[in-house]
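Just so you know, the sequences run in chain order D, H, S and U. Each residue of the first sequence is one higher than the one before, counting from 1 in the numbering used here. Each residue of the second sequence is one higher than the one before, counting from 1 in the numbering used here. Each residue of the third sequence is one higher than the one before, counting from 1 in the numbering used here. Each residue of the fourth sequence is one higher than the one before, counting from 1 in the numbering used here.
Any given hint might turn out to be false.
Stated by the list, open to error - List of simulated lysine-lysine pairs, DSSO-like, C-alpha gap at most 27 Å: (1) K111/U <-> K100/U; (2) K4/S <-> K11/U; (3) K4/S <-> K37/D; (4) K421/D <-> K4/H.
Stated by the list, open to error - Listing some non-contacts, in silico: residues in chain D with all C-beta distances to chain H over 12 Å: (5) R3; (6) G83; (7) V147; (8) A151; (9) R178; (10) R254; (11) G280; (12) D306; (13) L307; (14) D426; (15) R430; (16) Y438.
Please keep in mind that the hints were generated in silico from the structure rather than gathered at the bench. Since we're looking at a predicted model, the values are computed, not measured. Note that CB positions come from ideal geometry on N, CA and C, so glycine has one too.
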Amino acid sequence: MFRKVLIANRGEIALRVIRACRELGIRTVAVYSEADKHSTHVQFADESVCIGPAQATKSYLSLPAVISAADITRADAVHPGYGFLAENATFAEAVNAHGMTFIGPSPAHLRQFGDKLSAKAAARAAGLPLLPGSHGAVEDLEEAVTVAREAGYPLMLKAAAGGGGKGMRIVEDEEQLRKFFVITATEAKAAFGSGLVFLERLLRAPRHVEVQVAGDRFGNAIHVGDRDCSMQRRHQKIIEEAPAPDLSDSLRARILAAAARLVSSTGYVTVGTCEFLVEGDEFFFLEVNPRIQVEHPVSEMVTGIDLVQLQIRLAAGERMPITQDQVQVRGHAIEVRVNAEDPWKFTPSPGRITGYHAPGGPGVRVDSAVHEGAMVQPYYDSLVAKLIVYAPDREAAIRKLLGALDEYVVEGIRTSIPLQKLLLADPAFREVRFHTRYIDEWLKTR
Amino acid sequence: MFRKVLIANRGEIALRVIRACRELGIRTVAVYSEADKHSTHVQFADESVCIGPAQATKSYLSLPAVISAADITRADAVHPGYGFLAENATFAEAVNAHGMTFIGPSPAHLRQFGDKLSAKAAARAAGLPLLPGSHGAVEDLEEAVTVAREAGYPLMLKAAAGGGGKGMRIVEDEEQLRKFFVITATEAKAAFGSGLVFLERLLRAPRHVEVQVAGDRFGNAIHVGDRDCSMQRRHQKIIEEAPAPDLSDSLRARILAAAARLVSSTGYVTVGTCEFLVEGDEFFFLEVNPRIQVEHPVSEMVTGIDLVQLQIRLAAGERMPITQDQVQVRGHAIEVRVNAEDPWKFTPSPGRITGYHAPGGPGVRVDSAVHEGAMVQPYYDSLVAKLIVYAPDREAAIRKLLGALDEYVVEGIRTSIPLQKLLLADPAFREVRFHTRYIDEWLKTR
Amino acid sequence: MDAKKIDELLKLMQRRGVAEFTFEHEGTVLAVKFAGASAPVTYAPVAAPVAAPAPAAAAPAAPAARAGGVVIKAPIVGTFYRAAAPEAPVYVNVGDKVRKGQVVCIVEAMKLMNQIESDVEGTVVEVLIENGSPVQFGQELFRLGPA
Amino acid sequence: MDAKKIDELLKLMQRRGVAEFTFEHEGTVLAVKFAGASAPVTYAPVAAPVAAPAPAAAAPAAPAARAGGVVIKAPIVGTFYRAAAPEAPVYVNVGDKVRKGQVVCIVEAMKLMNQIESDVEGTVVEVLIENGSPVQFGQELFRLGPA
Numbered sequence: 001m002f003r004k005v006l007i008a009n010r011g012e013i014a015l016r017v018i019r020a021c022r023e024l025g026i027r028t029v030a031v032y033s034e035a036d037k038h039s040t041h042v043q044f045a046d047e048s049v050c051i052g053p054a055q056a057t058k059s060y061l062s063l064p065a066v067i068s069a070a071d072i073t074r075a076d077a078v079h080p081g082y083g084f085l086a087e088n089a090t091f092a093e094a095v096n097a098h099g100m101t102f103i104g105p106s107p108a109h110l111r112q113f114g115d116k117l118s119a120k121a122a123a124r125a126a127g128l129p130l131l132p133g134s135h136g137a138v139e140d141l142e143e144a145v146t147v148a149r150e151a152g153y154p155l156m157l158k159a160a161a162g163g164g165g166k167g168m169r170i171v172e173d174e175e176q177l178r179k180f181f182v183i184t185a186t187e188a189k190a191a192f193g194s195g196l197v198f199l200e201r202l203l204r205a206p207r208h209v210e211v212q213v214a215g216d217r218f219g220n221a222i223h224v225g226d227r228d229c230s231m232q233r234r235h236q237k238i239i240e241e242a243p244a245p246d247l248s249d250s251l252r253a254r255i256l257a258a259a260a261r262l263v264s265s266t267g268y269v270t271v272g273t274c275e276f277l278v279e280g281d282e283f284f285f286l287e288v289n290p291r292i293q294v295e296h297p298v299s300e301m302v303t304g305i306d307l308v309q310l311q312i313r314l315a316a317g318e319r320m321p322i323t324q325d326q327v328q329v330r331g332h333a334i335e336v337r338v339n340a341e342d343p344w345k346f347t348p349s350p351g352r353i354t355g356y357h358a359p360g361g362p363g364v365r366v367d368s369a370v371h372e373g374a375m376v377q378p379y380y381d382s383l384v385a386k387l388i389v390y391a392p393d394r395e396a397a398i399r400k401l402l403g404a405l406d407e408y409v410v411e412g413i414r415t416s417i418p419l420q421k422l423l424l425a426d427p428a429f430r431e432v433r434f435h436t437r438y439i440d441e442w443l444k445t446r
Numbered sequence: 001m002f003r004k005v006l007i008a009n010r011g012e013i014a015l016r017v018i019r020a021c022r023e024l025g026i027r028t029v030a031v032y033s034e035a036d037k038h039s040t041h042v043q044f045a046d047e048s049v050c051i052g053p054a055q056a057t058k059s060y061l062s063l064p065a066v067i068s069a070a071d072i073t074r075a076d077a078v079h080p081g082y083g084f085l086a087e088n089a090t091f092a093e094a095v096n097a098h099g100m101t102f103i104g105p106s107p108a109h110l111r112q113f114g115d116k117l118s119a120k121a122a123a124r125a126a127g128l129p130l131l132p133g134s135h136g137a138v139e140d141l142e143e144a145v146t147v148a149r150e151a152g153y154p155l156m157l158k159a160a161a162g163g164g165g166k167g168m169r170i171v172e173d174e175e176q177l178r179k180f181f182v183i184t185a186t187e188a189k190a191a192f193g194s195g196l197v198f199l200e201r202l203l204r205a206p207r208h209v210e211v212q213v214a215g216d217r218f219g220n221a222i223h224v225g226d227r228d229c230s231m232q233r234r235h236q237k238i239i240e241e242a243p244a245p246d247l248s249d250s251l252r253a254r255i256l257a258a259a260a261r262l263v264s265s266t267g268y269v270t271v272g273t274c275e276f277l278v279e280g281d282e283f284f285f286l287e288v289n290p291r292i293q294v295e296h297p298v299s300e301m302v303t304g305i306d307l308v309q310l311q312i313r314l315a316a317g318e319r320m321p322i323t324q325d326q327v328q329v330r331g332h333a334i335e336v337r338v339n340a341e342d343p344w345k346f347t348p349s350p351g352r353i354t355g356y357h358a359p360g361g362p363g364v365r366v367d368s369a370v371h372e373g374a375m376v377q378p379y380y381d382s383l384v385a386k387l388i389v390y391a392p393d394r395e396a397a398i399r400k401l402l403g404a405l406d407e408y409v410v411e412g413i414r415t416s417i418p419l420q421k422l423l424l425a426d427p428a429f430r431e432v433r434f435h436t437r438y439i440d441e442w443l444k445t446r
Numbered sequence: 001m002d003a004k005k006i007d008e009l010l011k012l013m014q015r016r017g018v019a020e021f022t023f024e025h026e027g028t029v030l031a032v033k034f035a036g037a038s039a040p041v042t043y044a045p046v047a048a049p050v051a052a053p054a055p056a057a058a059a060p061a062a063p064a065a066r067a068g069g070v071v072i073k074a075p076i077v078g079t080f081y082r083a084a085a086p087e088a089p090v091y092v093n094v095g096d097k098v099r100k101g102q103v104v105c106i107v108e109a110m111k112l113m114n115q116i117e118s119d120v121e122g123t124v125v126e127v128l129i130e131n132g133s134p135v136q137f138g139q140e141l142f143r144l145g146p147a
Numbered sequence: 001m002d003a004k005k006i007d008e009l010l011k012l013m014q015r016r017g018v019a020e021f022t023f024e025h026e027g028t029v030l031a032v033k034f035a036g037a038s039a040p041v042t043y044a045p046v047a048a049p050v051a052a053p054a055p056a057a058a059a060p061a062a063p064a065a066r067a068g069g070v071v072i073k074a075p076i077v078g079t080f081y082r083a084a085a086p087e088a089p090v091y092v093n094v095g096d097k098v099r100k101g102q103v104v105c106i107v108e109a110m111k112l113m114n115q116i117e118s119d120v121e122g123t124v125v126e127v128l129i130e131n132g133s134p135v136q137f138g139q140e141l142f143r144l145g146p147a
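Take these sequences, add in the hints, and give me the full structure.
See below:
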């Protein structure tokens, strides 16, 4: 096991990793930008190093700064959290080259799953269902037209190197495809450095269902249950739950098995997430997130498995400590991302938290690095806290979550809580009549 | 089910009851003294009523004030929490007489278990082992001498009406018994209004093991697992855990069965606790606490059962929602009572909390009504927060708790945290070599 | 630096959310630490309380200066009645003079009709509570003007 | 310094996220701590940080007034060396004059030896870091007096 882990991140996920390390008896090193000097992750780590000014590119995203910090503190492993350098294969390579362990997958896996086309190829090879479409780059318009006729409209025209909702266009028919093909490729070239585009069936009202997975170096691959993250605003998840509600037993079993199969067939090591779109009784591979995810706590709550400790153990070369049979899902968990933003206009709302009271009691978990007097920095992402509840069933979890949100006091900044309270009380959420574009459509009708 | 519950308490337990009611869809009424006007329980209840000045005797302990508050808000039930009026049979009667339900046992059960001798009689009738001794009041010195010869020395000479460590004396031999008998009876008469005394074997190093129990109106009686609360300072529990560690399977089974039998044989309704002393392979009935206890969360964590919701359901006349088989204990939970007091001198430390950061993350639960800027009142008890952790095993729970205590920041007042950190790290605690007088002896050697 | 200027400075600092400050000017030194009282009062209640919040005055049931008069407050929680029985005349009306020790109303608590006596003298200016309404401890019942 | 100027100053500091500040000007001293600012600074670290905390100055790697001089700060994280190689002479000693742009030390980061140039002029008064020690971003390396 590692002796000392440097955490190349900030905020709640840095604190989450510190807690996991402490329970494993590992010393921790926090890194921080000048703006984060007084942050909680700095206070609670065993050691800390200032790595640069407030701008992320010069601190948390700076490979030399992070690696030097690990060097001078003699850390033997680096945990990247999520965001920042978590999926950067060059960073993972540099960590390894400096004789330290990157707590995450290998650089090769980061590259494989970082590219949409090679990720789809791996999924296809493992027998996972893909959305009808080109499955690889389409060379020219005529090939695109042929593929499109076979896959059927509507389709998404996507830049292979795009992501986060950028570099894609909906084409409803052949006329639109002919009109947009060249311009999308040209834009992709300009924006992402690669003009490769591919075609994929557009689902009108899909649910986002993902599977928590884990693999070790000995070929053991398991899933740790599913999650539903369909409640997204502009592709940003804001409410997540486990297990995904209202899936038939057979559909759920097929999805879980597919995810575990992909881990097994690619030899993926540590924890990750396999994302799918689900519509009706069909599911389609979307992508792999080769890291710990923001929403991992809901899976922890329903399985009792500490995923960050598992991730660290697997990175240290340990054998998978649990078998698939031992992963048992009990009860229901829901997470709300409390963001520092205007709940209706979604503009960021950084600033000092002048009043703070977090909810508590049975079945209530708060993962947060803030407190009264804390500064929500304008330089980084707006996640202030994750509020997670656990209850015997989904209805009880929703009631508990609404109560906990009523208790949550965050003053001095605006937060997303008012929006989330309305959404949780919405009949469509309660009755599981939602899909990935539900919130955006719902907001338009308000 | 009730429509509206008045909570005749304050602080964390009032908030705990509010949370349970909210999840059951019941409206809540908080009562408060003038000193508690800005308290959290007042802010989070649906309604609130000021019932008197700061002194508890004129507010939280005033029967007319509390009952009038329930009357004018048209509450249909009253939850007494713990302390204050929770075990006051006259109060329970008055609540019932006003057409409301007292959320707790019947007045008759409160009287039965409020008196040490009738409690012991009930336990004896149910076949529970009692400490060797008189089992009832001893009439005079000669009867005492006879009883003592049979039970064996050392013995405790106790006032029947005493409690909380008051009105008792250790007698090591017959000479001491002869010397102290009359004076103890006289003191008891003066202090408690009754000169009745009884004799009970003194255990040198017993552990305090208690069983969470519950009964319904249909004769169903179950236990909800055991707890160890041996870590006491001057008879005050400060660290509690579930399950009780290091009990043989057969001893644990006998203790659990005994507690359930007492509930069944007395027809006790709602939740309660049956307390025992354990030494070696023997256990002895101590007393019944006919209410929800401060340390109930550790049992909730290891069984997944919400005990306050269960208590409310049973008081409302519902049938026991779970069978004994469904009570399954998994993992290990430990609670620390964070008191506002000097950790070494134990003098109360009320005042304003100027800085506050509660720990969080997986397996960490905080039950507290304080926040930054909150006032810890000098009029009431010193409990500021309960920190509860849950982990797969006891060792992991201790590590998690130490980490969480390191994260706990409470400024402006002194708290018991430094003492508890030392105790948790003490080999005697880790290796379960402790008993009810362990802390007091340990403190003398420091 | 006179009292007025100091007050100005204090108000200014408070408005800007200052917790502590030290000000030195021409040999005058002013060091101030505000009571950390701001947190609780900024908490937003989840729901409005059923009745008006009890007044903050330290002495319950004692007359308090308000709007140029004194008030009689409820010394107990219960239901407020202006008369001993539905058909009986009210104890006091606006314009009536009230002596110390005179019964001014009933507060019913636990089925008991508690006669509430005035501990001040004066003329009733306003009855602040509707007959039959619930009253909290310390709630204002009558406002009195000079006798 | 009148109320208006103080208010302006407070607003400015707040806008820039300042928690505490001290302002001295022509004999007037104003020291302010904003509400809510105390929590983070009073947090007790679980263990002492490996190296001295980075200075609070806003401009990294820029000279800052301290003890009547200027300092050269580390512009990157890494290991501090006073010479290009173990046997090589140190770049600067106490008493040496330093020009702008002159190399004063090495900070090794990711196996790269980064020559650190001074961006101020002056005479080296004190070398604040041991040779071979780790340095954080913004950590003070040399104190300089007047050239």
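Keeping to a limit of 27 Å between CA atoms, is the pair of K421/D and K4/H held or broken? holds, 23 Å
Are all beta-carbon distances from L307/D to chain H longer than 12 Å? violated, 9 Å
key: Status of V147/D, Cβ more than 12 Å from any chain H Cβ   = holds, 46 Å
Check on G280/D being off the interface with chain H, judged by Cβ distance over 12 Å: holds, 34 Å
Would you check the hint for K111/U and K100/U, treating anything up to 27 Å between C-alpha atoms as holding?
-> holds, 26 Å
**Q.** Minimum Cβ distance from G83/D to chain H greater than 12 Å, as the annotation requires
**A.** holds, 19 Å
| request: Would you mind confirming whether the straight-line C-alpha gap from K4/S to K37/D stays at or under 27 Å? | output: violated, 39 Å
Minimum Cβ distance from R3/D to chain H greater than 12 Å, as the annotation requires:
holds, 17 Å
(Q) The output says R254/D does not contact chain H. Does that hold with a beta carbon cutoff of 12 Å? (A) holds, 29 Å
Are all C-beta atoms of chain H more than 12 Å from that of D426/D? Non-interface label on D426/D holds, nearest chain H Cβ at 18 Å vs cutoff 12 Å.
Worksheet item: Are all C-beta atoms of chain H more than 12 Å from that of R178/D?
Response: Consistent with the label, R178/D stays out of reach of chain H, its closest Cβ about 53 Å off (over 12 Å).
In terms of Cβ atoms, is chain H entirely out of 12 Å range of R430/D? holds, 14 Å
Hint compliance for this structure: hints 3, 12, 13 are broken, all remaining hints hold.
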